[in-house]
Amino acid sequence: MRDDASGPDDSAAPAITAAGEWLAGARALAPMLLGVVPFGLIYGVLAVGAGMPAWLACAMSAIVFGGASQMILTQLWTAGTPAVVITLTVAMVNLRHALYSATIAPTLAHLPRRWKALIAYLLTDEAFAAMTHRLGDTGPRARYRHWYYFGGGFALWASWQLSTLAGVLVGAQVPRHWPLDFFLPLTFIGIIVPGLRHRSHVAAALAASALAVACYSLPHKLGLMVAALGGIAVGMLVLGRGNRPGPRAASHAADSGTGGAAGKEAA
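In the UniProt record's numbering, the protein residues as written are 1 to 267.
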């Protein structure tokens, strides 16, 4: 006899498999590809327009695999910047990935080193955004969580490589005298402005913009590094002040503490 008060039959739920989680990760990244593909196209066109060989432009997408750092590298390449400065600048731009890695590292601790290396390579801003939805998984889903990470990262990687290749092929047909570098700041503005959600973000962006203009004449595009460091410093300063309790809050906390202590003594 069936008990109508009982819950749904758990045996009817679909089985969780590695392939299923891989596809789930790829589907989670699918909406973000609408912004990734045009970005890859623009990078490919700009790289070829800057005089970078087609094979090197594609190799950059496979090795560096970072849109913002590749755009900056292209600009530094055009300016004839020394390799040491290029390396330091790209490394600074990619420092945020250390924070991403620290966030997901506990969920990967039990995996073999080859899995850790693979997911670290595929870790990007968009992939991390999708990964955070599965950090708290427990039970069967947690067992195949790395396959979800792999699916999302691979979807982004494949679309970036293909869009870069398409941009390189298109860029080879564009006359060199066209001002393609004009699209670079427009692309960054389109990426950064929607992400300015807090006062510290706005302060960092304004400070970096002002420093970039003021330091434009520095050799080897060192103004970009100065602007990046200055923007980070201003943003952290504003963030620290925002988290610091004001005089009223501190006074209220002190009064509450005194009242609590008096209450305990009275009790």
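In case anyone wonders, no lab produced these hints; they're calculated from the structure.
Some hints could be false.
[As the list claims (entries may be wrong)] Distance windows between CB atoms, simulated:
#: 1; residue 1: W115; residue 2: P38; range: 53 to 61 Å
#: 2; residue 1: A117; residue 2: G80; range: 52 to 60 Å
#: 3; residue 1: H97; residue 2: L206; range: 40 to 48 Å
#: 4; residue 1: P219; residue 2: R199; range: 31 to 39 Å
#: 5; residue 1: A117; residue 2: G240; range: 30 to 38 Å
#: 6; residue 1: H97; residue 2: A18; range: 20 to 28 Å
#: 7; residue 1: L229; residue 2: G80; range: 32 to 40 Å
#: 8; residue 1: N94; residue 2: R197; range: 16 to 24 Å
#: 9; residue 1: M236; residue 2: P31; range: 30 to 38 Å
#: 10; residue 1: A233; residue 2: I16; range: 44 to 52 Å
#: 11; residue 1: A117; residue 2: T87; range: 38 to 46 Å
All of these numbers come straight from a predicted model, not from anything done at the bench.
Here a beta-carbon is modelled for each residue, glycine too, at the ideal position from N, C-alpha and C.
Hints and how they fare:
Against the hinted window of 53 to 61 Å, the Cβ-Cβ separation of W115 and P38 comes to about 31 Å, which falls outside the hint. Between A117 and G80, the C-beta spacing of about 34 Å breaks the proposed range 52 to 60 Å. The beta-carbon spacing between H97 and L206, approximately 25 Å, falls outside the hinted interval of 40 to 48 Å. One distance hint, 31 to 39 Å for the beta-carbon pair P219 and R199, holds here, with the actual separation near 34 Å.
For the pair A117 and G240, the supplied restraint of 30 to 38 Å holds, since their beta-carbon distance comes to about 35 Å. One distance hint, 20 to 28 Å for the beta-carbon pair H97 and A18, holds here, with the actual separation near 25 Å. Taking 32 to 40 Å as the suggested C-beta distance range, the pair L229 and G80 does not conform, at roughly 22 Å. Judged by the Cβ atoms, the range 16 to 24 Å given for N94 and R197 holds: they are separated by roughly 22 Å.
In this structure the hint that M236 and P31 lie 30 to 38 Å apart at CB holds, the actual value being about 32 Å. For the hinted restraint 44 to 52 Å between A233 and I16, the CB-CB distance of approximately 46 Å keeps it satisfied. Between A117 and T87 the C-beta distance comes to about 21 Å, which lies outside the given range of 38 to 46 Å.
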